[in-house]
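**Student:** Single-letter residue listing:
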Amino acid sequence: MNAIEVSGLRKVFGEVIAVDGLDFAVPQGKVVGLLGGNGAGKTTTLSMLLGLLLPTSGSLKVLGEDMLKHRYRVLGRMNFSSPYVDLPHRLTVKQNLQIYARLYGVKAIDARVDELAKELDIVGFLPRPYGQLSAGQKTRVTIAKALVNQPDVLLLDEPTASLDPDTADWVRSLLKAYQGRTGASILLASHNMTEVERLCDDVLVMRAGKIVERGAPQELIERFGRTTMEEVFLDIARNRRQAAQ
Amino acid sequence: MSATDSNRGGVDAMATWRRIYAMILRHLYILRGSWPRLLDLAYWPTVQMIMWGFMSQFLSGQMSYIAQAFGVLLSAVLLWDVLFRGQLAVSISFFEEMWSRNLGHLFVTPLRPGEFAASLLSISLLRTLLGIVPASLLAVLFFGFSVYTLGLSLAAFFFSLLMFGWAIGLGVTGLVLRHGLGAENIAWGLVFALLPISAVYYPVSVLPTWLQYVAYAMPPAYSFEGMRSILLHGVVRYDLMAAGFALNIVWLALGVAMFFHYFRMARRRGSLLQQGE
Chain A
1163 MNAIEVSGLR
1173 KVFGEVIAVD
1183 GLDFAVPQGK
1193 VVGLLGGNGA
1203 GKTTTLSMLL
1213 GLLLPTSGSL
1223 KVLGEDMLKH
1233 RYRVLGRMNF
1243 SSPYVDLPHR
1253 LTVKQNLQIY
1263 ARLYGVKAID
1273 ARVDELAKEL
1283 DIVGFLPRPY
1293 GQLSAGQKTR
1303 VTIAKALVNQ
1313 PDVLLLDEPT
1323 ASLDPDTADW
1333 VRSLLKAYQG
1343 RTGASILLAS
1353 HNMTEVERLC
1363 DDVLVMRAGK
1373 IVERGAPQEL
1383 IERFGRTTME
1393 EVFLDIARNR
1403 RQAAQ
Chain B
347 MSATDSNRGG
357 VDAMATWRRI
367 YAMILRHLYI
377 LRGSWPRLLD
387 LAYWPTVQMI
397 MWGFMSQFLS
407 GQMSYIAQAF
417 GVLLSAVLLW
427 DVLFRGQLAV
437 SISFFEEMWS
447 RNLGHLFVTP
457 LRPGEFAASL
467 LSISLLRTLL
477 GIVPASLLAV
487 LFFGFSVYTL
497 GLSLAAFFFS
507 LLMFGWAIGL
517 GVTGLVLRHG
527 LGAENIAWGL
537 VFALLPISAV
547 YYPVSVLPTW
557 LQYVAYAMPP
567 AYSFEGMRSI
577 LLHGVVRYDL
587 MAAGFALNIV
597 WLALGVAMFF
607 HYFRMARRRG
617 SLLQQGE
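Respectively, the protein sequence lines represent chains A and B. Just so we're on the same page, the working numbering is the position in the first sequence counted from 1, plus 1162. Just so we're on the same page, the working numbering is the position in the second sequence counted from 1, plus 346.
Everything hinted at is true.
Covered by chain A, according to a simulated footprint, are these stretches of chain B (three or more residues, beta-carbon under 8 Å):
#: 1; stretch: 360-371
#: 2; stretch: 374-385
#: 3; stretch: 456-465
Pairwise CB distance ranges (calculated):
#: 4; chain 1: A; residue 1: Val1178; chain 2: B; residue 2: His525; range: 13 to 21 Å
#: 5; chain 1: A; residue 1: Tyr1246; chain 2: B; residue 2: Thr555; range: 52 to 60 Å
#: 6; chain 1: A; residue 1: Ala1370; chain 2: B; residue 2: Leu527; range: 29 to 37 Å
#: 7; chain 1: A; residue 1: Asn1200; chain 2: B; residue 2: Ile595; range: 43 to 51 Å
#: 8; chain 1: B; residue 1: Leu385; chain 2: A; residue 2: Gly1293; range: 15 to 23 Å
#: 9; chain 1: B; residue 1: Thr555; chain 2: A; residue 2: Gly1293; range: 47 to 55 Å
#: 10; chain 1: A; residue 1: Trp1332; chain 2: B; residue 2: Leu374; range: 31 to 39 Å
#: 11; chain 1: B; residue 1: Leu385; chain 2: A; residue 2: Ile1179; range: 47 to 55 Å
#: 12; chain 1: B; residue 1: Leu475; chain 2: A; residue 2: Asp1276; range: 32 to 40 Å
#: 13; chain 1: B; residue 1: Tyr494; chain 2: A; residue 2: Gly1293; range: 39 to 47 Å
In short, the hints are calculated from the structure, not lab data. Just so you know, even glycine gets a beta-carbon here, dropped at the ideal spot from N, CA and C.
With the hints as constraints, model all of the structure from the sequences given.
**Tutor:** This is the structure in structure tokens:
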């Protein structure tokens, strides 16, 4: 069964076509990467999946529910993290996590917050106002927020942006462990090719609102006759399709 | 898998209340953690009350109108603040989410727009009480005037004016959702445009005939006329109260409709994710 099913998805802003007829699925328990340069339509796609943005046409299903008609049936089983969306700055980290736990209907709130704080190594930040944290610390807190309800579907927009390589690697391990432990499905928008190679079972490469390539990272690397995903990405971005072959 | 409760779609009263409470708690945490914010809530109502109290003392020796009912101006000033604070509290609570770029996180939770609006109104009630009650008690201390002599009518005037403040607050919130924080100043200034035609300090009959129709199309005129009727003539005008509440239902429905309309427009334009300072 697919956790996410997208069919004929299109979003037009005035004369700009941001997303142009996407068709893809994220199978349950898989991690799928959404790659593409700036303005390729990745964040627009994630926003439509979350219900923050209404599509111009097309259909979206998450966990079998039509997101345009019944999104409240599944929002409690989803979560999201993005460096472009913040949390209330004046609230402490603990207060923020408690409030989101309530919004998601988490039962044992304090226990869950403590558990997450240990897992994300943010115990020391709990009493501090979120606005006083560094960019990297904030990212860890928003990932904690994204895991607060133990989601079945996790949408991540550049989850390790602004993290140093060591912390980024640690966060990737944590996400991988979470996915392995819970069987959650993850759709990950990223520019970081190491991240994609490490985490993703499949990759969708977007350009100008369309999916131009898809496949497992190793499969794409072989198809393009390259050695890394970064080289594949550059080939696609510069329109050098299957250059080496 | 998900550690959330079993209800995952339909309307569940407990889950609805829990989400509204979460949003109220979010604002209570801010108020609780900042005494300057608490002080700020009561500051202007108190300053206004003191100024108009002295003005009333001065005028009571000069004008029979004020001498007849010393508290007319003081009551007017306190009740006007109910409307102003009620509206402002709705808008400010919403701006807090925009300032912190939090809307994108909020609206991917199961929180419905209606629950979000209900939390804004609840926190508005609390903030208004925190602003007005200290000022009204200080009026007793400084000028020996208690607005509570209005009795149960005071509660009617309070809620009537608060409801109208909510209607404007929700409408303004919708406009800011549509136009972004560039429209923020509307929240601070719009209500003052209504001051001259709300019969706060003088009766509606003072206004030109055509403007009287405008005044009576809005609930505040009924509350302030009703207040003067009690303080000057000792007569409780239930007809004015009823008309005020009936109009409030219409205005509040308009405010709610505007909020939902602009919320949907924000989802179409993608502005929920882009809002912020």
